[in-house]
Amino acid sequence: MSVQLKEYVGMSADVVATVLGHGAVLLDLRSKYFYRVNASGWAILQLAEDGTALQDVKDQCRQWGSQDDCLIDEFIGQLTTHAILERRDVAGRGAAVKFEGPWEKPHIERQPQPLQRVIISAFDPSIPLAE
Amino acid sequence: MVIAHSVLEFFCGPLHVRLECESARLRERLSSTLGMYDVRWDPPHRSIELSVHETGECTPMVDSSYLRCSRMAVCRSPDGLIATSSSGGDLTLVRSASLDCWHMNVPTSLADLEELEDFLVLVLTTGWRCLDWIPLHAGALSHAGRCIIVCAPSGGGKSTLTAGLMRAGWRTLGDDKLLLRIVDGRPRLAAVLHSLNLHPRTRQWFPEVGDLWLLPAYSAWTDKRKVSIAQIWPGRTERDAVPTHVVRLQRKLDRSASSARPLGPDEIFHTLVQQTVVPTERSEAARSLRAVAQLAGHVRGIEFSIGENAFHDDECLGALDRCLQ
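Residue numbers (this note's numbering), protein chains in the order written: chain A, 433 to 563; chain B, -19 to 305.
A portion of the hints provided could be inaccurate.
[To be verified] Distance ranges between label pairs, derived from CB positions:
id, chain 1, residue 1, chain 2, residue 2, range
1, A, Asp446, B, Cys81, 41 to 51 Å
2, B, Ser239, A, Pro546, 26 to 36 Å
3, A, Gly533, B, Asp294, 22 to 32 Å
4, A, Ala528, B, Leu111, 25 to 35 Å
5, B, Ser45, A, Asp501, 17 to 27 Å
6, A, Arg549, B, Gly135, 15 to 25 Å
7, B, Ala197, A, Asp482, 34 to 44 Å
8, A, Asp446, B, Pro58, 14 to 24 Å
9, B, Gly215, A, Gln543, 12 to 22 Å
Note that these hints are calculated values from the structure, not bench results.
Idealized CB from N, CA, C, for every residue including glycine.
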């Protein structure tokens, strides 16, 4: 899905994120898959968290040191393909995002092992034995 | 366990559970499970009221939008949670600021009372989460200023390694049930029960456990027996600790020597997150992930691979010990 410059995108309500190291880890609650994003990718995701226009993302990334808008397009495309970002009708509050660089190509990687969909119990996340 | 006016009372970590149940068979089973939580925490405790009734009716399964277990589906309700079991039982939570009120209906036709365990575990984990304690399905041991969290899936060797390390002088917080809380940005672990789930064949390596076949089985799904740590290894328990390491346990199918290697930061996170239940609800999922990520940021990680029958050799833990230095 290609996102136009003036279109708004925001993080899906089915995705939760938390800081890990210099980047973040995302969990898609629908698929149970984890995604790892680097520091630049996490900065973009925070910009888009409650809805922002692609043009605003690019402008901010240039201030952070990005020199190639195509890399931003590619990253946003990956996020929308994985349904981490969704189209929005309006922009969000636009909270200030702190990025301390250095800027590098934004990167997202889906982790190979998802959480189990069906588990033993509310305490034990192991795969149930065949009954 | 405290008995007062036909209401049974239990303390399960930071929870004070009041159980009201007219059915003798259900009361006996539920009391047995709740009574296993033998680590008494200091007050304050969050109050949990659990009323249990037998009924001739069966409840259809709800959707599993909050949690899906093998025999139980859980969804959110306006007041809290609703859970249903595959046999037609149901469990409803009505939550207030200071009290969790649970109502459980159990079909009179239910023969396999193990389903009650699933409901009870939901009652307890929900109460713990409310107090910001994240349940971890892992073991933990401490020794000489170090505290390791032992991670493996069910049947992956957590209990046997725990027993082996206790013999080597370590103290344990438990072999498969821990609570994790982040206090001022730092992780803290707490114990809720001081028993081990050991397979009777463990005796071949640790003769002091005795003939565990003589003990009653606690589940139809495993031959393991619940063993009181204090009775076999007195003085080898710990109530809380600050974790320093995560040990991902790998069982090798051959008899080659044990080995250990360091884990990277991402491996530590993924090892830990596979040991906790993450409900499919945004706020609770985010809280669990945040706690696990903060824990991962404070510990070093080790993958410890151990071969079949390794505990015959006292040196089998040497690789782990050297990696922990």
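Tested hints:
1. A/Asp446 <-> B/Cys81: 41 to 51 Å: About 30 Å separates the Cβ atoms of A/Asp446 and B/Cys81, which means 41 to 51 Å is violated.
2. B/Ser239 <-> A/Pro546: 26 to 36 Å: Because 28 Å falls inside the window, the suggested range holds.
3. A/Gly533 <-> B/Asp294: 22 to 32 Å: Since the Cβ atoms of A/Gly533 and B/Asp294 sit about 52 Å apart, the hinted range of 22 to 32 Å is violated.
4. A/Ala528 <-> B/Leu111: 25 to 35 Å: 33 Å, holds
5. B/Ser45 <-> A/Asp501: 17 to 27 Å: Cβ of B/Ser45 to Cβ of A/Asp501: about 39 Å, so the range 17 to 27 Å is violated.
6. A/Arg549 <-> B/Gly135: 15 to 25 Å: The hint (15 to 25 Å, Cβ to Cβ) holds, given that A/Arg549 and B/Gly135 are roughly 20 Å apart.
7. B/Ala197 <-> A/Asp482: 34 to 44 Å: 53 Å, violated
8. A/Asp446 <-> B/Pro58: 14 to 24 Å: 21 Å, holds
9. B/Gly215 <-> A/Gln543: 12 to 22 Å: 41 Å, violated
When the structure is compared with the earlier hints, violations turn up for hints 1, 3, 5, 7, 9 and for no others.
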